Amino acid sequence: MAYDKFTVLKSTAVPMPIENVDTDQIIPARFLKATERKGFGDNLFRDWRYNADGSPKNDFVLNNPIYSGKILVGGKNFGSGSSREHAAWAIYDYGFRCVVSSFFADIFKNNSLNIGILPVQVSPEFLHKIFTAIESNPTAELVVDLPAQTITISATGESETFDINSYKKHNMTNGYDDIDYLQAMKEDIKTFATKSMY
Amino acid sequence: MSKIPATLFDKVWDSHAVRKIEDGPDVLFIDRHFIHEVTSPVAFLGLENRGLSVMFPEKTFATADHNTPTINQHLPVQDPLSANQLKALESNTAKYGISHWGLGNPRNGIVHVVGPENGITLPGMTIVCGDSHTSTHGAFGAIAFGIGTSEVEMVLSSQCIMQQKPKKMRITVTGTTGKGITPKDVTLYIISQLTAAGATGYFVEYAGEVFEQMSMEGRMTVCNMSIEMGARGGIIAPDDTTFAYIKGREKAPQGAAWDNAVAYWKTLKTEEGATFDKEYTFNAADIEPMITYGTNPGMGMGITQRIPVAQEAGGSAASYEKSLQYMGFQEQEPMLGKKVDYVFIGSCTNGRIEDFRAFASIVKGRQKAAGVTAWIVPGSHIVEQQIREEGILDILTAAGFELRQPGCSACLAMNDDKVPAGKYAVSTSNRNFEGRQGPGSRTMLASPLVAAAAAVTGVVTDPRELI
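Quick note, the sequences are listed as chains C and U, same order. Everything in the first sequence is counted per my numbering, starting at 1 for the first residue and increasing by one. Everything in the second sequence is counted per my numbering, starting at 199 for the first residue and increasing by one.
Take these hints with a grain of salt, some might be off.
Okay, the calculated beta carbon distance ranges per label pair [stated by the list, open to error]:
no., chain 1, residue 1, chain 2, residue 2, range
1, C, Gly95, U, Gln391, 53 to 63 Å
2, U, Lys293, C, Ser196, 20 to 30 Å
3, U, Glu246, C, Ser123, 26 to 36 Å
4, C, Thr139, U, Gly638, 33 to 43 Å
5, C, Tyr176, U, Lys449, 28 to 38 Å
Just so you know, these hints were derived from the structure itself, not from any lab. These figures come from a predicted structure and were not determined experimentally. Virtual Cβ for every residue (Gly too), placed ideally from N, Cα, C.
If we strip away everything but chain C, and leave its shape as in the complex, we get (with noise of 0.2 Å):
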């Protein structure tokens, strides 16, 4: 599906310094029986939020009230293991429309950008600048420039550029996706598939 068009975010921040967050963490696996696209915000981080009856564990960031925000920061290797689109939708459904990280799993890359949350990779030094910014003041805010491909901790202005192609980029700026861009070129497909061994 085609979706909001990102330019600029400016947002409080949600820190989760762990490294290796898997797909499976951010959405249980329990939770991919559905037929459509809705509501898998309510069962984000699953097992890592709520206790085995339901209860909220207060010792989890999401369960903080002093953090919240449209951006998650999170640790190296964000995003590993199965390629489940619907860690991509939890996030997005929860309400997150960029993720932040020194490193992140191919697959939830390209899933994040094809629903419109933008993945900023950082460099592990700034990426520790923005955990101890929130953690210090969790009114602390961020800005993401996609045109400028610039993050900046807004308080103290530091600030570290990211890479995205400019295709994606051009996508992402006007909300644009992937099937528009090859349902425009379905003729090249056609005359290419008759070439195919297969």
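Let chain C serve as the given structure and place chain U on it in line with the hints.
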């Protein structure tokens, strides 16, 4: 000017690039698309919302596996949500004319088992599926990788996806493996050396004697686990072992088409002098039976070793401690002798006939340990049939085990095959993430031999003592 020597990966990728977008992804043509009940329904909804159709329905193959029961498959599926997903797959495939091997079909089974065993997977292809273990098919010299649901919709509607070409890595394992060392140990060893993120951004070619001498089942196990070190996929050059495996399978080319195909497939190898962005070489003699002690597949060790301390393991000490705490283990403890409550053999990693032969070789003449619950789940009905025909079922039954029906089962515990909270499972599957085999479950990944040794002793045991 001489031509730059090409890698196997480059040859297959470049021959499938319909278009290369400047400072953007490549548009990659997909030869085979596998779908299952969990990651496809929203893609079909997307097609309907946009008013699109399926461009080449004959290039997509559906099987039900992730969410299916492993007992009483002839009865209606009890869980209404699971039943609904299975029904959606059936109606979506019928609507668009896509092949569907649902529950009860004699060719039904785990998508990454049935593709190869029916000759749908062939060398030189591009293969995708909404499942990260699609990397399995790389064992045939195909470029195969997992995709998300948006990409499933792309393939259905245009037979293409848009992908940034990954970097290239080659992992060479020289020499020969010792007694009791299986392909699963080889892959768990490699992942323990590279870590769970060590190959992220790369496509891995496996080379060297160890892989050349490996069966197709073994190569599939290795390529399957590529994603567990973050790799986009793994690939092994096709050879006579590959061709012998494929020949005569239901959907494999026949007659003149076979000869033409083999002639082409023989060109699919990395040329002398081709370069990779990263290379690793390991010695097979250093590999012992492996077991994991933590909550990602990179946290693996030789079964006779002790659990490393945080500094040796690398990464953040806090994440390492969280992981050991979840498992209820301590640094420097041995794994040998640890109590095992559950044993699972199956999955797209180790659910093929060779895996059950290995399991049976240890349980033969022994008895299942009291207190161990064992789930023995073939990867497909064809594997199940082989288990019966080869007499493996008799061995299992005599040792006190029961055979279940095919499916993904306890690998991801979407069905009722869930390990209870706090319990320990030795599992031949691919992921030991927190709660992967059921909320609170504690998973130790290992080979079918290690699983069998645990099943008959009730504790983590070096299988070499029982061979």
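We went through each hint and held it up to the structure:
| no. | hint | verdict |
| --- | --- | --- |
| 1 | C:Gly95 with U:Gln391: 53 to 63 Å | 39 Å, violated |
| 2 | U:Lys293 with C:Ser196: 20 to 30 Å | 25 Å, holds |
| 3 | U:Glu246 with C:Ser123: 26 to 36 Å | 43 Å, violated |
| 4 | C:Thr139 with U:Gly638: 33 to 43 Å | 35 Å, holds |
| 5 | C:Tyr176 with U:Lys449: 28 to 38 Å | 37 Å, holds |
The structure does not agree with the numbered hints 1 and 3 stated previously, though it agrees with the rest.
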